[in-house]
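In case you want the letters, here they are:
4 protein chains.
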Amino acid sequence: MKSVIGKNLTISLYGESHGKSIGVVIDGLPAGICIDTTFMQSQLDKRKPKGKISTQRKEEDDFIITSGVFNEHTTGTPIHIMIENKAHRSSDYHPELPRPSHADYVAHVKYRGYEDYRGGGHFSGRITAPIVAAGSIALDILKRKGILIGTHIKKCQHIEDREFLDFEDDIILCNNKYFSVLDENKEQEMIKHIENVGANHDSVGGILESCILNMPIGIGEPYFHSLESKLSSYLFSIGAVKGIEFGLGFDFVNHLGSEVNDELEIIDGNIQTKTNHNGGINGGISNGMPILIKSVIKPTPSIFKSQNTVNLETMENTTLTLTGRHDPAIFHRARVVIDSMIALCILDLCIEKYGEDFCL
Amino acid sequence: MKSVIGKNLTISLYGESHGKSIGVVIDGLPAGICIDTTFMQSQLDKRKPKGKISTQRKEEDDFIITSGVFNEHTTGTPIHIMIENKAHRSSDYHPELPRPSHADYVAHVKYRGYEDYRGGGHFSGRITAPIVAAGSIALDILKRKGILIGTHIKKCQHIEDREFLDFEDDIILCNNKYFSVLDENKEQEMIKHIENVGANHDSVGGILESCILNMPIGIGEPYFHSLESKLSSYLFSIGAVKGIEFGLGFDFVNHLGSEVNDELEIIDGNIQTKTNHNGGINGGISNGMPILIKSVIKPTPSIFKSQNTVNLETMENTTLTLTGRHDPAIFHRARVVIDSMIALCILDLCIEKYGEDFCL
Amino acid sequence: MKSVIGKNLTISLYGESHGKSIGVVIDGLPAGICIDTTFMQSQLDKRKPKGKISTQRKEEDDFIITSGVFNEHTTGTPIHIMIENKAHRSSDYHPELPRPSHADYVAHVKYRGYEDYRGGGHFSGRITAPIVAAGSIALDILKRKGILIGTHIKKCQHIEDREFLDFEDDIILCNNKYFSVLDENKEQEMIKHIENVGANHDSVGGILESCILNMPIGIGEPYFHSLESKLSSYLFSIGAVKGIEFGLGFDFVNHLGSEVNDELEIIDGNIQTKTNHNGGINGGISNGMPILIKSVIKPTPSIFKSQNTVNLETMENTTLTLTGRHDPAIFHRARVVIDSMIALCILDLCIEKYGEDFCL
Amino acid sequence: MKSVIGKNLTISLYGESHGKSIGVVIDGLPAGICIDTTFMQSQLDKRKPKGKISTQRKEEDDFIITSGVFNEHTTGTPIHIMIENKAHRSSDYHPELPRPSHADYVAHVKYRGYEDYRGGGHFSGRITAPIVAAGSIALDILKRKGILIGTHIKKCQHIEDREFLDFEDDIILCNNKYFSVLDENKEQEMIKHIENVGANHDSVGGILESCILNMPIGIGEPYFHSLESKLSSYLFSIGAVKGIEFGLGFDFVNHLGSEVNDELEIIDGNIQTKTNHNGGINGGISNGMPILIKSVIKPTPSIFKSQNTVNLETMENTTLTLTGRHDPAIFHRARVVIDSMIALCILDLCIEKYGEDFCL
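Chains as they are written, first to last, in the working numbering: chain A, 29 to 388; chain B, 29 to 388; chain C, 29 to 388; chain D, 29 to 388.
In case anyone wonders, no lab produced these hints; they're calculated from the structure. Treat the numbers as computed from the prediction; the structure is a model and nothing was measured. Honestly, I wouldn't trust all of these hints.
In this list, chains with the same sequence are indistinguishable; a pair is considered to hold if it fits within one copy or across any two.
In silico EDC-like cross-links for lysine to aspartate or glutamate, where the CA-CA straight-line distance does not exceed 20 angstroms [as the list claims (entries may be wrong)]:
| hint | residue 1 | residue 2 |
| --- | --- | --- |
| 1 | Lys333 | Glu293 |
| 2 | Lys302 | Asp194 |
| 3 | Lys205 | Asp194 |
| 4 | Lys171 | Glu291 |
| 5 | Lys214 | Asp197 |
| 6 | Lys302 | Glu344 |
| 7 | Lys333 | Glu287 |
| 8 | Lys333 | Asp194 |
| 9 | Lys114 | Asp197 |
| 10 | Lys302 | Glu196 |
| 11 | Lys78 | Asp355 |
| 12 | Lys302 | Glu124 |
| 13 | Lys333 | Asp355 |
| 14 | Lys205 | Glu188 |
| 15 | Lys76 | Glu188 |
| 16 | Lys48 | Asp64 |
| 17 | Lys205 | Glu215 |
| 18 | Lys80 | Asp230 |
| 19 | Lys173 | Asp385 |
| 20 | Lys171 | Glu344 |
| 21 | Lys80 | Asp194 |
| 22 | Lys333 | Glu291 |
| 23 | Lys35 | Asp385 |
| 24 | Lys173 | Glu212 |
| 25 | Lys48 | Glu100 |
| 26 | Lys35 | Glu112 |
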């Protein structure tokens, strides 16, 4: 169960950066769901590097669905989506020199030297492409059920995007953008900042804020399978994520209970909370308000400055200066992976509660 | 699998605040482990209310081990630990008036009016007592393997504790305290603050910082079962936790890659990182450095001020003023639940990797 | 996950023959299900020894539901059912002399001498009582959905009961009997045979045939989670079961394909098979016909004849003659455990497919 | 979790008979295991049709390992093995006419008409090829640990093979044969019988007997995860299996306890049983004796005689006469699937108990 997640909707992931192919097996979807391969490709495109703010590696994410889809609809049996690796250079990797803050060193110890070190191997960000492909199916199903998911770049170092205002409009706005910032001025400011950081051979991180709109009330369980537990276990699957918070999150510490309790009220006959400091979740269970999640993406560890490291063969201290193609920032590309993981999580929980026909 | 967590070390939780008993079934421990019931009781005592900063409800946490332990050692078959409920008053609950920011309303919808509403029912913080009992066994096993776990109160509103300095000493210091603050002056300041907040009928939250020391390298998996995924899914099981971060966490956004990459170096023949901004985890896998986790505990939702809520029977807006026994702060009591959940998580992963004999 | 089974309806089992209590935690049932404790007790009574064909140990199976049930209905949170142990004699057990064909020797090796050997410890048939309590809830829910489950004693050595004729009537007949044989003459013959075997200090086994009637079409998955896989994994949980077959089972080997293929036909507008040699399952999936399962229960290993064994302390060959209270046959008592395990399995699969509201 | 099995060693299966590819993802194997692709191919060859006793469809099982293996050794991350489909004819399938005793009808209902019906789709026996590929790795690892697995054809209708005599020699003998019968005369007799049955447009089944030799003592758990539960859930994954028994199995009913109890004795300082009626398992746990399992494989449902069926479009009774390429018997080809599933099961349990380094 190391590369498998989900109980009623399960995905199983495989692949390495420089192997023959990467892919995912999806099971748990009922038969008869129309698969929108155009949407799948458009989601994959959001993960692709583009412009000066990304690596210049040209990744062809041409996916092939080899099973589980027949006449454009799910058959009810496992779906296998595969992406062949083509663009990799069989280049100059130095497995004996682990890159700081990458998984190189832990992989070397854990896998005792047998790891596929080429291009980061299984740890390559590229392996998230099949997650995006799988996620696009989940997003599409949820959308048809009225559940919308969107993520914007809340912060890039000191530059901060505005808050979600009209949730539905803003989610649509997010989902139509490659660089998902709500405020256009901030968008340009962030892009410029990333370019500058990149030109300076450095990298920068960001905070992504996600919203799940129109979540049914009652999803999530007390304690071990709280909605926060479930969502965080999906989101921390993404390598660069180092923190997750719901609603006010860490800011709760700055307030008294009387300031941040979400009082209840009836509006138009519906019970809702006057504020949403808890981000749509009480006691681990959705309360019907928008679910608000922030994820921090650390600065890309690949920078072009000289860094200290060790030589695993000679066991001596040394330095390393990376060359090649790297991203000065990845949070804008991680955005669609976040959306995908959220969708896969939420759909799993909905199928658990409502049964597989929920998807239809 | 709603009240069950863990793959190779599994716990199954049950109980309500005012039911006959609460308890936990533990399975996956090999035979022959000496059970230290004195330590178990001392851990339960850390969760008990004490002093003016806690509820005045006197909770007797007298546990009974009804199976799985014979002649003070584990038998290798499931352990059942039970705590009988005695102290509850069959008091004046108003299930029709959901308390703001509690689970009352979501429970009412999810369980369609059949929930045991007395004292919060299954959502009561009291249900974490069996977790602490189970966790004490895991903590004890890990300690014998040299893996130490400790948590201090990093922040209570504006008051901030010092950082971990000597990890081993500080963990021992934490574990010997009821109110776990490293700096004694800050400890007094925080307690005084909580008392003031409580006197003002309000409540306050905090940030807990945990350390796992001497973690073996190589625990955790890429992607879905990253160490962050695993730990966060355990920690978000605790109702009041609304954010989790590892290492620098959300502070990563304020720094460039060159500032926060953890460079590698050889010291005394061992490879380690010069800094520990990643909190002991790279690519989802432990790197041998101390694992550093921060969890935010929101202010206790039970406050004695008048609050807006709705009447579920009449479907009208109304107000509610709580009476009875409540905590102005719970983060100091949540601390031992955090330690317990971390220990149960880490032991599960170690058994998975090394087999059940790891525990011996 | 060693003492836990079920994905959407989960049971967690604990206890030893001579410990303080035995019990089960059930999770996954939605709120609002009326719990029929009278039926629960009547099912537990079917498992109790009775008459000369059983042990003379008087077992009080007075269960207590300590959580998860409020005002006689499920609350939606975990249910804990406990049975206190009272009747055990703190008698003359010889842990150094493993009883042939019991689990004594394997337990001794697996648990390295720490096992609770008193009365068979965790391996005691008594531990199946909580399974029966849990199963009674599942049987009751399924019955309300029209799905009936019943088991008769197909064979006791050479004595064979008649086949199921009218399935519904025969299932009701089974469920109303303590010694569940359809043909009354055969019933008397079997009881007499067991008494004779017991008087001769020996024991005897049997074949139980179970039927699941009105099974919805489409339950079960191809390959790993076939209905046969699921049902067999539940049924082989019962210690004495050494074989399981569906439909013709092993008798398939004696026939050509043309003799045993189940041809399809339309009767009254419904598609069904003309014969039911496949026992209601094709390709791992229910086909709507009655599901027919045979389980063989081996002769009780506890016999009063002198048997060869080894002394684990002196490591010498020796003999052992059991004394005390033992059953010459247990298959008639195992019957209700079989029904319970089948019901827990089928309900889990139905909840998976249809969602938790299936139970309502 | 519908196409996924295993806890610590997990396989995830996908594919349809006439899709682009079939395959399996394997996770849980540690890094550094040498993959013997020659053995993998030789195992796949045992599943291929050969001679007059099989279908004339020529299946090319040219597997590709696209990830998880680097420099001929496992990398520790997921392994993906894929087999492209080439040989299928896009022939004359009649989805409206379900073949008796096949999964056609249940698939049609379960998947509401969206199933890939070509060549049986996901239900095709061809999908077991990736299982054999995965199983070859498990078999190889177990063999290096001294654990041998082999299966012979115990019975083909009235023709019965001899018993296992010298277990080690006989397992080697089995594993070197395509048509795995221990007694050469019986082998010829069975082949001739199958040819006759085939010539008569009919089909025939068989009983396979498997042995696991040198099983460590203590594998398996009481109750829900008994060794019988685990093995049977793996074996019933194979579509044609309709019964499983351990040791004497159903024959237990014909004997008294005194005749079939396995008495213990010390031979050369080792404790073992004098007989092995329980097939190496007591109380769900391996006792060190050879584990003996019988599986019945029903006659192939594809026969060339006219059969009654229904027309799903017109909802009328009709008849069907199959044409094309079919096997008069498949049990000899199922043999290697049985061995593979047993190996995957046993290795999973060994990794659970001993940790992942067991594989090295």
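Quiz item: Of the numbered hints stated previously, which ones are contradicted by the structure, given in increasing order?
Solution: 4, 8, 9, 15, 20, 21, 24 and 26
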